[in-house]
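A.B. asks: Same order as they appear, the protein sequences are chains P and Y.
Count along the first sequence from 1, add 2, and you get the number used in my numbering.
Count along the second sequence from 1, add 289, and you get the number used in my numbering.
Keep in mind that the hints were calculated from the coordinates and are not lab data.
For glycine and all other residues, C-beta sits at the position ideal for the given N, C-alpha and C.
Don't take every hint at face value.
[What the hints assert, rightly or not] Negatives, chain P to chain Y, calculated, CB over 10 angstroms:
{"id": "1", "residue": "Gly-18"}
{"id": "2", "residue": "Thr-28"}
{"id": "3", "residue": "Lys-44"}
{"id": "4", "residue": "Gly-103"}
[As the list claims (entries may be wrong)] Computed cross-link-like contacts, DSS-like style, restricted to lysine-lysine with a CA-CA straight-line distance of at most 30 angstroms:
{"id": "5", "chain 1": "Y", "residue 1": "Lys-384", "chain 2": "P", "residue 2": "Lys-65"}
{"id": "6", "chain 1": "P", "residue 1": "Lys-61", "chain 2": "Y", "residue 2": "Lys-303"}
{"id": "7", "chain 1": "P", "residue 1": "Lys-81", "chain 2": "Y", "residue 2": "Lys-303"}
{"id": "8", "chain 1": "Y", "residue 1": "Lys-360", "chain 2": "P", "residue 2": "Lys-44"}
{"id": "9", "chain 1": "Y", "residue 1": "Lys-298", "chain 2": "P", "residue 2": "Lys-70"}
{"id": "10", "chain 1": "Y", "residue 1": "Lys-346", "chain 2": "Y", "residue 2": "Lys-384"}
{"id": "11", "chain 1": "Y", "residue 1": "Lys-384", "chain 2": "P", "residue 2": "Lys-61"}
{"id": "12", "chain 1": "P", "residue 1": "Lys-81", "chain 2": "Y", "residue 2": "Lys-360"}
{"id": "13", "chain 1": "P", "residue 1": "Lys-81", "chain 2": "P", "residue 2": "Lys-59"}
{"id": "14", "chain 1": "P", "residue 1": "Lys-71", "chain 2": "Y", "residue 2": "Lys-298"}
{"id": "15", "chain 1": "P", "residue 1": "Lys-61", "chain 2": "P", "residue 2": "Lys-71"}
{"id": "16", "chain 1": "Y", "residue 1": "Lys-384", "chain 2": "P", "residue 2": "Lys-70"}
{"id": "17", "chain 1": "P", "residue 1": "Lys-71", "chain 2": "Y", "residue 2": "Lys-360"}
{"id": "18", "chain 1": "P", "residue 1": "Lys-44", "chain 2": "P", "residue 2": "Lys-65"}
{"id": "19", "chain 1": "Y", "residue 1": "Lys-303", "chain 2": "P", "residue 2": "Lys-44"}
{"id": "20", "chain 1": "Y", "residue 1": "Lys-384", "chain 2": "Y", "residue 2": "Lys-360"}
{"id": "21", "chain 1": "P", "residue 1": "Lys-70", "chain 2": "P", "residue 2": "Lys-59"}
{"id": "22", "chain 1": "P", "residue 1": "Lys-81", "chain 2": "P", "residue 2": "Lys-61"}
{"id": "23", "chain 1": "Y", "residue 1": "Lys-360", "chain 2": "Y", "residue 2": "Lys-346"}
{"id": "24", "chain 1": "P", "residue 1": "Lys-59", "chain 2": "Y", "residue 2": "Lys-298"}
{"id": "25", "chain 1": "P", "residue 1": "Lys-71", "chain 2": "P", "residue 2": "Lys-59"}
Spelled out, the chains give:
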Amino acid sequence: EDQVTQSPEALRLQEGESSSLNCSYTVSGLRGLFWYRQDPGKGPEFLFTLYSAGEEKEKERLKATLTKKESFLHITAPKPEDSATYLCAVQGNTGNQFYFGTGTSLTVIP
Amino acid sequence: NAGVTQTPKFQVLKTGQSMTLQCAQDMNHNSMYWYRQDPGMGLRLIYYSASEGTTDKGEVPNGYNVSRLNKREFSLRLESAAPSQTSVYFCASTKTRGQRANYGYTFGSGTRLTVV
Chain P
3 EDQVTQSPEA
13 LRLQEGESSS
23 LNCSYTVSGL
33 RGLFWYRQDP
43 GKGPEFLFTL
53 YSAGEEKEKE
63 RLKATLTKKE
73 SFLHITAPKP
83 EDSATYLCAV
93 QGNTGNQFYF
103 GTGTSLTVIP
Chain Y
290 NAGVTQTPKF
300 QVLKTGQSMT
310 LQCAQDMNHN
320 SMYWYRQDPG
330 MGLRLIYYSA
340 SEGTTDKGEV
350 PNGYNVSRLN
360 KREFSLRLES
370 AAPSQTSVYF
380 CASTKTRGQR
390 ANYGYTFGSG
400 TRLTVV
């Protein structure tokens, strides 16, 4: 069964302190790995899609990377406005369904 | 840019009552989805519609029904609400791209449902 595990569950960073979030997955034939940002009381907002191992995507202070077993979301010099829950999801070859992890709650302290 | 619009935003139901959650998208997307989000459980798929005229069960379909009214609209119905259905419900849509993975969902802002 397709599965996604995110770690850590929660992360507190000082402003400017870079770190990484992890998304480990098992899937029968990866069609895509997705990163989303979710602010309290809102729906998830799409950030990146990664399709194959070795691929990288960047957006402002965020950089997503992908290996055959996991993906990392690197946050460089974070700011308080980066505080949110970051969700990872995968889509495999078995169907139309996306499987979501439970997310990492990031708090950036000024 | 409306994107995905969900109504209502909040709802309180008594056990046994019924209600329909409405969802509409204006992006000409083919596929639409209903998810529920519970603390510590992540987003779980209830039902989806890969294209107009089709619907399929997801991971947690029991107690729910759906209708893909047209390409824009996808509704979720609770026939007899139970406290276990207290959750935040999200509608999402995406355009498909052949055999490759989708572009990713566009989500609505959610419906916060409490069943007492």
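A.B. asks: Indicate, hint by hint, whether the structure satisfies it.
C.D. replies: Checked hints:
1. Every C-beta of chain Y lies more than 10 angstroms from that of P:Gly-18, the closest at about 29 angstroms, which supports listing it as non-interface.
2. The non-interface label for P:Thr-28 is consistent with chain Y: the shortest C-beta to C-beta separation is roughly 15 angstroms, beyond 10 angstroms.
3. With a closest Cβ-Cβ approach of about 6 angstroms to chain Y, P:Lys-44 is found to fall inside the 10 angstroms limit, against its non-interface label.
4. A cut-off of 10 angstroms between C-beta atoms contradicts the statement that P:Gly-103 is not in contact with chain Y; the least separation is 6 angstroms.
5. Distance hint between Y:Lys-384 and P:Lys-65 is fulfilled; the C-alpha atoms sit about 24 angstroms from each other, no more than 30 angstroms.
6. About 45 angstroms separates the Cα atoms of P:Lys-61 and Y:Lys-303, which puts this hinted pair outside 30 angstroms; it is violated.
7. A threshold of 30 angstroms between alpha carbons decides the hint, and for P:Lys-81 with Y:Lys-303 the separation of about 43 angstroms lies outside it, so the pair is violated.
8. For the suggested pair Y:Lys-360 and P:Lys-44, the alpha carbons sit about 24 angstroms apart, so the restraint of at most 30 angstroms is met.
9. About 39 angstroms separates the Cα atoms of Y:Lys-298 and P:Lys-70, which puts this hinted pair outside 30 angstroms; it is violated.
10. Only pairs whose Cα atoms come within 30 angstroms are accepted, and Y:Lys-346 paired with Y:Lys-384 is accepted, the gap being roughly 19 angstroms.
11. A distance of roughly 22 angstroms separates the Cα atoms of Y:Lys-384 and P:Lys-61; the hinted pair therefore holds under the 30 angstroms criterion.
12. Between the alpha carbons of P:Lys-81 and Y:Lys-360 the distance comes to roughly 40 angstroms, so the proposed pair goes past 30 angstroms and is violated.
13. A threshold of 30 angstroms between alpha carbons decides the hint, and for P:Lys-81 with P:Lys-59 the separation of about 19 angstroms falls inside it, so the pair holds.
14. Pair hint P:Lys-71 plus Y:Lys-298 does not hold up; C-alpha atoms about 37 angstroms apart against a cutoff of 30 angstroms.
15. At roughly 22 angstroms between alpha-carbon atoms, P:Lys-61 and P:Lys-71 fall within 30 angstroms of each other, so this suggested pair holds.
16. Taking the CA atoms of Y:Lys-384 and P:Lys-70, the gap is about 25 angstroms. The hint holds against a cut of 30 angstroms.
17. For the hint pairing P:Lys-71 with Y:Lys-360, the CA-to-CA distance comes to about 36 angstroms; that exceeds 30 angstroms, so the pair is violated.
18. Simply put, P:Lys-44 and P:Lys-65 have alpha-carbon atoms about 23 angstroms apart, close enough for the 30 angstroms limit, and the pair holds.
19. The hinted pair formed by Y:Lys-303 and P:Lys-44 meets the criterion: a straight-line CA distance of about 25 angstroms does not exceed 30 angstroms.
20. Straight-line distance between C-alpha atoms of Y:Lys-384 and Y:Lys-360 comes to about 12 angstroms, which keeps the hinted pair within the 30 angstroms bound.
21. Note on P:Lys-70 and P:Lys-59: the hinted pairing holds, with a Cα-Cα distance of about 16 angstroms set against a maximum of 30 angstroms.
22. In summary, the hint linking P:Lys-81 to P:Lys-61 is supported, as the alpha carbons are separated by about 14 angstroms, within the 30 angstroms threshold.
23. For the suggested pair Y:Lys-360 and Y:Lys-346, the alpha carbons sit about 18 angstroms apart, so the restraint of at most 30 angstroms is met.
24. Only pairs whose Cα atoms come within 30 angstroms are accepted, and P:Lys-59 paired with Y:Lys-298 is rejected, the gap being roughly 33 angstroms.
25. Simply put, P:Lys-71 and P:Lys-59 have alpha-carbon atoms about 17 angstroms apart, close enough for the 30 angstroms limit, and the pair holds.
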